[in-house]
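Colleague: Sequence:
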Amino acid sequence: VNVTGPYTFEIKGETIHSGSSIEAQQGYITQVKQPVAIAFESYEKRLVEPGEFMMSDFAKFDRPALLHAAFQGLEQVRQELGGEYPTPGDVAACTKVLEATKAKYTEEMTPAHERIVLQLAS
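The opening residue of the sequence shown carries number 104 in the numbering used here; numbering runs sequentially from there.
Treat the hints as calculated values from the structure; they're not laboratory data. Treat the hints with caution; some may be incorrect.
Unchecked claim - Pair by pair, the computed Cβ-Cβ distance ranges are:
{"#": "1", "residue 1": "135", "residue 2": "217", "range": "49 to 57 angstroms"}
{"#": "2", "residue 1": "138", "residue 2": "221", "range": "44 to 52 angstroms"}
{"#": "3", "residue 1": "115", "residue 2": "150", "range": "51 to 59 angstroms"}
{"#": "4", "residue 1": "207", "residue 2": "134", "range": "41 to 49 angstroms"}
{"#": "5", "residue 1": "218", "residue 2": "134", "range": "45 to 53 angstroms"}
{"#": "6", "residue 1": "141", "residue 2": "183", "range": "30 to 38 angstroms"}
{"#": "7", "residue 1": "162", "residue 2": "211", "range": "14 to 22 angstroms"}
{"#": "8", "residue 1": "191", "residue 2": "134", "range": "33 to 41 angstroms"}
{"#": "9", "residue 1": "213", "residue 2": "141", "range": "50 to 58 angstroms"}
{"#": "10", "residue 1": "184", "residue 2": "212", "range": "52 to 60 angstroms"}
{"#": "11", "residue 1": "151", "residue 2": "105", "range": "50 to 58 angstroms"}
Said to hold, decoys possible - Here are the computed lysine-lysine pairs in the DSS-like style, where the Cα-Cα straight-line distance is at most 25 angstroms:
{"#": "12", "residue 1": "148", "residue 2": "115"}
{"#": "13", "residue 1": "205", "residue 2": "148"}
{"#": "14", "residue 1": "136", "residue 2": "207"}
A quick note: this is a predicted structure, and the numbers were derived from the prediction, not measured. For every residue, glycine included, the Cβ atom is placed at its ideal position computed from N, Cα and C.
Whenever a hint applies, use it, and build me the whole structure from the sequences.
Modeller: This is the structure in structure tokens:
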């Protein structure tokens, strides 16, 4: 196969056998995609051990891990509140989310990290 352009290619040495020895000059090509099996680990395992995070902001390397723990803390408090999210501005519920996040976050929590979690919780 020789690629001659973004939408064109040539196949060397191929002929269409329809009773004549004339080579095909043009036509339609149908791409047949082969199925590919992809294996993923379970959601429960990746929730506990997330592995490598996708970086969306290279200036904030610690942010994905912090947000992962913060959303887990928010979900824990939501379950404690019977499925309801904390009321915006509820300081006690925000503090509960912060404490739950601190229990899940493995690195040192700075005041800036605490502000981010409290903003998420409110």
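Colleague: Against this structure, judge whether each hint is valid.
Modeller: Status of the hints after comparison with the structure:
{"no.": "1", "hint": "135 / 217: 49 to 57 angstroms", "in the structure": "holds, 55 angstroms"}
{"no.": "2", "hint": "138 / 221: 44 to 52 angstroms", "in the structure": "holds, 47 angstroms"}
{"no.": "3", "hint": "115 / 150: 51 to 59 angstroms", "in the structure": "holds, 53 angstroms"}
{"no.": "4", "hint": "207 / 134: 41 to 49 angstroms", "in the structure": "holds, 46 angstroms"}
{"no.": "5", "hint": "218 / 134: 45 to 53 angstroms", "in the structure": "holds, 52 angstroms"}
{"no.": "6", "hint": "141 / 183: 30 to 38 angstroms", "in the structure": "holds, 36 angstroms"}
{"no.": "7", "hint": "162 / 211: 14 to 22 angstroms", "in the structure": "holds, 19 angstroms"}
{"no.": "8", "hint": "191 / 134: 33 to 41 angstroms", "in the structure": "violated, 51 angstroms"}
{"no.": "9", "hint": "213 / 141: 50 to 58 angstroms", "in the structure": "violated, 38 angstroms"}
{"no.": "10", "hint": "184 / 212: 52 to 60 angstroms", "in the structure": "violated, 23 angstroms"}
{"no.": "11", "hint": "151 / 105: 50 to 58 angstroms", "in the structure": "holds, 51 angstroms"}
{"no.": "12", "hint": "148 / 115", "in the structure": "violated, 50 angstroms"}
{"no.": "13", "hint": "205 / 148", "in the structure": "holds, 20 angstroms"}
{"no.": "14", "hint": "136 / 207", "in the structure": "violated, 43 angstroms"}
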